[in-house]
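Quick note: to get the working numbering, add 1 to the position in the sequence shown (first position is 1).
In case anyone wonders, no lab produced these hints; they're calculated from the structure.
No experiment lies behind these values; they were computed from the predicted model shown.
Among the hints, erroneous ones may be present.
[To be verified] Here are the simulated distance ranges between beta carbons:
| hint | residue 1 | residue 2 | range |
| --- | --- | --- | --- |
| 1 | Arg136 | Arg86 | 32 to 40 Å |
| 2 | Arg83 | Cys21 | 18 to 26 Å |
| 3 | Pro167 | Asn11 | 18 to 26 Å |
| 4 | Arg136 | Gly107 | 23 to 31 Å |
| 5 | His144 | Met2 | 26 to 34 Å |
| 6 | Gln135 | Gln157 | 31 to 39 Å |
| 7 | Ala51 | Cys183 | 34 to 42 Å |
| 8 | Gln157 | Asp137 | 28 to 36 Å |
All residues carry an ideal CB built from backbone N, CA and C; glycine is no exception.
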Amino acid sequence: MIGILIPAHNEEDWLDDCLCAALRAGDHPLLAGEPVEILVVLDSCTDRSAHIVSQYPVLALSIDARNVGQARAIGAQQLLERGARWISCSDADSRVAEDWLVAQLGLGMDAVCGTVTVERWHESFDEVAQIRYQRDYQACEGHRHIHGANLGVSAQAYVRAGGFEPLPCDEDVQLVRQLERCGASIAWSHRPQVITSARLDSRARGGFGDYLRHLAQTE
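Modelling step: build the complete structure from the supplied sequences, incorporating the hints.
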């Protein structure tokens, strides 16, 4: 079984698109019918996120941690207990490509760090800031970006690395660093595609949204 792990904190504006995309990826013919389970970890949600998730054939788990690292760790553990051999992580404000899982698994590695494509730039993110972002971002094979929105890892490598730590941000970076220390094989690939939002009101302080806000404010 393949598990898709999506943490969510008040994501009612994004979850429909996120879940529709994840379901399409899980139904790809090249997966040869292997079961795919999608788990949304609803962390301290006070909006309609839980109701939206209930309308889809996915698993849901509610926690009250307000901590993305803890949400991912709890979700990953549940997927492992349900028999997942591979865990693919994304975010609730992101849409994975239809061949996302196929691309990750096709690389034949212990873990995969993929890239993200930003769409619908925030109005305060002017053309100069967009150029600055495109200049610095490496959307290519061999990049060194780490995104929780596009990360895959085998169950064995995940357990060997000790899993996600309960960090308020950079839990994805922590896991990849632990995988490197354990000698895991890691693909830094542009093949698995994910579209993510350019929102600046980041759910995790120090996360991707804060990085974009910093670029927008840089003179």
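Here is how each hint holds up against the structure:
For the pair arginine 136 and arginine 86, the beta carbons lie near 39 Å from each other, so the given range of 32 to 40 Å is met. A C-beta distance of roughly 22 Å is found between arginine 83 and cysteine 21, which places it inside the suggested range of 18 to 26 Å. Roughly 19 Å separates the CB atoms of proline 167 and asparagine 11, a value that falls within the hinted 18 to 26 Å. About 30 Å separates the C-beta atoms of arginine 136 and glycine 107, a value consistent with the hinted range of 23 to 31 Å.
Between histidine 144 and methionine 2 the Cβ separation comes to about 29 Å, which falls inside the hinted range of 26 to 34 Å. The hinted window of 31 to 39 Å between glutamine 135 and glutamine 157 holds, with their beta carbons roughly 37 Å apart. A C-beta distance of roughly 36 Å is found between alanine 51 and cysteine 183, which places it inside the suggested range of 34 to 42 Å. In this structure, glutamine 157 and aspartate 137 meet the distance hint of 28 to 36 Å, their C-beta atoms being roughly 34 Å apart.
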